[in-house]
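Enquirer: Per the numbering used here, residue 1 is the first one in the sequence shown, and the count goes up by one each step.
Treat each hint with caution, since some may be false.
With a straight-line Cα cutoff of 35 Å, these simulated DSBU-like cross-link-like pairs (lysine-lysine) come out [unchecked claim]: (1) 98 / 65; (2) 101 / 65; (3) 93 / 65.
Treat the hints as calculated values from the structure; they're not laboratory data.
Remember, it's a predicted structure, so these values are computed and weren't measured experimentally.
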Amino acid sequence: MNNMPKSMSQSQVAAMAAAMAAQQRIQQRIGAMAPKPVAMMPQQPMPPVQTEWTADVDINHSAQKALLTRSSWHQEVLRSTGAMVQLRGSFRKLGDTKPTKDQCLHLHLVGTVLGLTHLQK
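Construct the complete structure from the given sequences, taking the supplied hints into account.
Expert: Listed below in structure tokens is the structure:
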């Protein structure tokens, strides 16, 4: 109020003081509407999830069938990658159309992948 011109009347000074008081009340109300900070619990990291995957690879007519059917090769795959290899099915000659209950010769692979359940912020 010190920086008001001296030529103002008392009613103008009172009106200006009332306007400034109203402005302060509005600012206080706006400040009261602002969200208050909330104390957050520390977030616990989620444990990784182990997901299993499987795949079947047809090797019935593969030129590398002798290598792929060896148990020593299956052991090496398990040791180096952690994926289990199983030999399944039976050999069928090329052009054999006779129906059988077995599938053609194939490798059944089973492995696991570690992943996170969600991304942490």
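Enquirer: Determine for every hint whether it applies to the structure shown.
Expert: Hint check results:
Only pairs whose Cα atoms come within 35 Å are accepted, and residue 98 paired with residue 65 is accepted, the gap being roughly 22 Å. Taking the CA atoms of residue 101 and residue 65, the gap is about 21 Å. The hint holds against a cut of 35 Å. Of the supplied pair hints, the one linking residue 93 and residue 65 holds, its CA atoms being roughly 13 Å apart against a limit of 35 Å.
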